[in-house]
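Engineer: Read off the chains here:
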Amino acid sequence: MKRVEKLFKEKKNILNIYLTAGYPNLNDTIEVVKELANNGVDMVEIGMPFSDPLADGPTIQNSSQVAIKNGITLELIFNQIEEIRKTVEIPIVLMGYYNQVLQYGADSFFEKAKAVGVDGFIIPDLPLDIYEKEHQQKVESLGLNMIFLITPQTTDERIILIDSKSSGFLYVVSSFAITGSKSDIQQSQIDYFKRINNLKLKNPKLIGFGISDKKTFDTACQHAEGAIIGSAFIKAFEGSKNIKQTVKEFITTVL
Amino acid sequence: MNYEVNEQGFYGDFGGAFIPEMLYHNVNELKENYLQIIESNDFQDEFKDLLKEYVGRPTPLYFAKRLSEKYNTNVFLKREDLNHTGAHKINNTIGQILLAKRMNKKRIIAETGAGQHGVATATVCALMNLECIIYMGEVDIKRQAPNVARMKMLGAEVRPATSGSKTLKDATNEAIRDWIANPEDTYYLIGSVVGPHPYPDMVARFQSIISEEMKSQLIEKTGRDYPDRIIACVGGGSNAAGAFYHYSNNDKVELIAVEADGLGITTNKTAATTQVGTEGIIHGSKTLLMQNSEGQITEPHSISAGLDYPGVGPLHAHLFKSGRGTFIGATDKEALTAAYQLTRLEGIIPALESSHALAALDKIEFKPSENIVINLSGRGDKDMETYIREMSY
Chain A
1 MKRVEKLFKE KKNILNIYLT AGYPNLNDTI EVVKELANNG VDMVEIGMPF SDPLADGPTI
61 QNSSQVAIKN GITLELIFNQ IEEIRKTVEI PIVLMGYYNQ VLQYGADSFF EKAKAVGVDG
121 FIIPDLPLDI YEKEHQQKVE SLGLNMIFLI TPQTTDERII LIDSKSSGFL YVVSSFAITG
181 SKSDIQQSQI DYFKRINNLK LKNPKLIGFG ISDKKTFDTA CQHAEGAIIG SAFIKAFEGS
241 KNIKQTVKEF ITTVL
Chain B
1 MNYEVNEQGF YGDFGGAFIP EMLYHNVNEL KENYLQIIES NDFQDEFKDL LKEYVGRPTP
61 LYFAKRLSEK YNTNVFLKRE DLNHTGAHKI NNTIGQILLA KRMNKKRIIA ETGAGQHGVA
121 TATVCALMNL ECIIYMGEVD IKRQAPNVAR MKMLGAEVRP ATSGSKTLKD ATNEAIRDWI
181 ANPEDTYYLI GSVVGPHPYP DMVARFQSII SEEMKSQLIE KTGRDYPDRI IACVGGGSNA
241 AGAFYHYSNN DKVELIAVEA DGLGITTNKT AATTQVGTEG IIHGSKTLLM QNSEGQITEP
301 HSISAGLDYP GVGPLHAHLF KSGRGTFIGA TDKEALTAAY QLTRLEGIIP ALESSHALAA
361 LDKIEFKPSE NIVINLSGRG DKDMETYIRE MSY
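Protein chains in written order, with our numbering: chain A, 1 to 255; chain B, 1 to 393.
To be clear, the hints were calculated from the coordinates, so they are not data collected in a lab. Take these hints with a grain of salt, some might be off.
Pulled from the structure, derived: some chain A residues nowhere near chain B, Cβ distances all over 10 Å [as the list claims (entries may be wrong)]: (1) Pro24; (2) Glu140; (3) Arg158; (4) Lys215; (5) Ile251; (6) Thr253.
Okay, the calculated bits of chain A under chain B, using three or more residues with CB under 8 Å as the criterion [stated by the list, open to error]: (7) 7-15; (8) 67-75; (9) 147-153.
C-beta atoms are modelled at their ideal positions from N, C-alpha and C, and glycine is treated no differently.
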């Protein structure tokens, strides 16, 4: 069974942590992922740094700029994942923008990702119809997952459509926001989570955007199979001297 | 060949809407409504009335006698520089503000580079009494202080974009993020034929008034409703889109797009997207853009802030790839020379952007019988600091 499907079958309250590849230092990707796995994180989302990340807030954009300056490339990210896979078994999802995939060559990108042990992709600006027409067959034939986003403005009809094209899980954007926005979870958001649950979708759901600590993580877990933390984790590296320590301390504030 | 956008928002291989789901609702709402609204009589009446009474249209198609003598041909200047606020930008902001009002939006956001689109947006927001927030790169805020002051005087809030290169590209990213965070009451008023469908088509339609007027003006002046060539500068490409619009299917008209070569296309200080760019995605649209092999978008350079953009609208990428458009470039220096020349020959100080189109006169061989239209997209008031600095007495 595929790693992502297996995880959702066996475990509840999934914690997925986003990290930016090549941040804070070029080769930290490997140690950060290993430490996340050692500290009980269920899945990681590795961000492929992009110059113009429209869906992300300033924290992730800044970490991406640092990583690009550090010299990160897709080839290096694939090498790092290959190294990570020697010891780490948790699912790894790549997050990035469609232009990066196109410039690498979409088919080569998916094949290479499969070869190094990637399980799936989150490409926020890849339109559903383009995916269906140009990439779905390839992605599915390689046994990989394509994860799409839904938001509070996505209609029920469209959620069902997106669910039908997605595999692995659905990324439930918690609010009208870019990544890194901070606030407690409001009643209107809970109503939205309930609306989604009533649709009886085929995919499990992870809630992302605005999840930053134990309180928000626990709330998210009441309404979905788990949650994704990104910006709050990236912020933890500001002024960090010791990767191991930083990861450990951050995870104890969530789990 | 078809130069109109198809239902999926593509011009040939280019265009579309490559946007995150967070923008889907907004962009789709616009896509579902824009044609019906802007084609309605009620909209067209108000739009045309404001263009006439407020903007000052039609703009003259001026026969430039001394310029024509110098190049031994017939040069006409489409005087978009005489519009209210000093450039063609206001044709589009008038159109979009009327659309925003009909869609019951209360808050207007826009990006700006040199500040011309920001001023044109702040102007129509003042006119319509709507809240206005302009995103502008921190670097551009410093180098375009007079326009920042104009926007503030008009009641707009100018928010600095502090990410990335702190210029137009980053201001656009910030505006898009604002729209993601405020999807219900906010209208994003894009200033060029860029961005996700339907923006390129919508902006081209609002700017098409330029070539619509040219047709009747040319009949009057030349006895024929089309010229032999139209020359326009291209950054994102809105003035060129408007000047080409009604002639794209008339093969007798050569469409000449002039990009900013900056310091030269063999240097890395250029904004000549079709010459140094490759196919990819920028700001939600598949088009030609300047990028490295990793797909990271690179920094453009042009002396003209309005052409300092690493992409080009999808319509222009299509005109380039299909061969319908002739794409040439003018360097910073060539644009300056052309600006000083127009000033001395015709008594018109052009915007630095438009000076790139004027520079094309030195690069093309003309027949004496030809009629050439140059789209003089804006006036040079905003560029006086550069002109004074670069002037050699």
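Engineer: If a hint holds in the structure, say so; if it does not, say that too.
Structural biologist: Comparing the hints with the structure gives:
The Cβ of Pro24/A lies farther than 10 Å from every Cβ of chain B, with a closest approach of about 18 Å, so its non-interface assignment holds. Taking the minimum C-beta to C-beta distance to chain B, about 21 Å, the non-interface status of Glu140/A holds against the 10 Å cut. A cut-off of 10 Å between C-beta atoms contradicts the statement that Arg158/A is not in contact with chain B; the least separation is 8 Å. With a minimum CB-CB distance of about 22 Å to chain B, Lys215/A clears the 10 Å threshold, and the non-interface call stands.
Ile251/A, annotated as away from the interface, keeps every beta carbon of chain B farther than 10 Å; the closest lies near 28 Å. With a cut of 10 Å on Cβ distances, Thr253/A stays outside the contact zone with chain B, its closest approach being about 26 Å. With 0 residues having a Cβ less than 8 Å from any Cβ of chain B, the region 7-15 of chain A misses the three-residue criterion, and the hint is violated. Counting residues of the region 67-75 of chain A whose CB lies closer than 8 Å to any CB of chain B gives 3, so the stated coverage by that chain holds, three being the minimum.
Counting residues of the region 147-153 of chain A whose CB falls under 8 Å from any CB of chain B gives 5; the rule of at least 3 is met.
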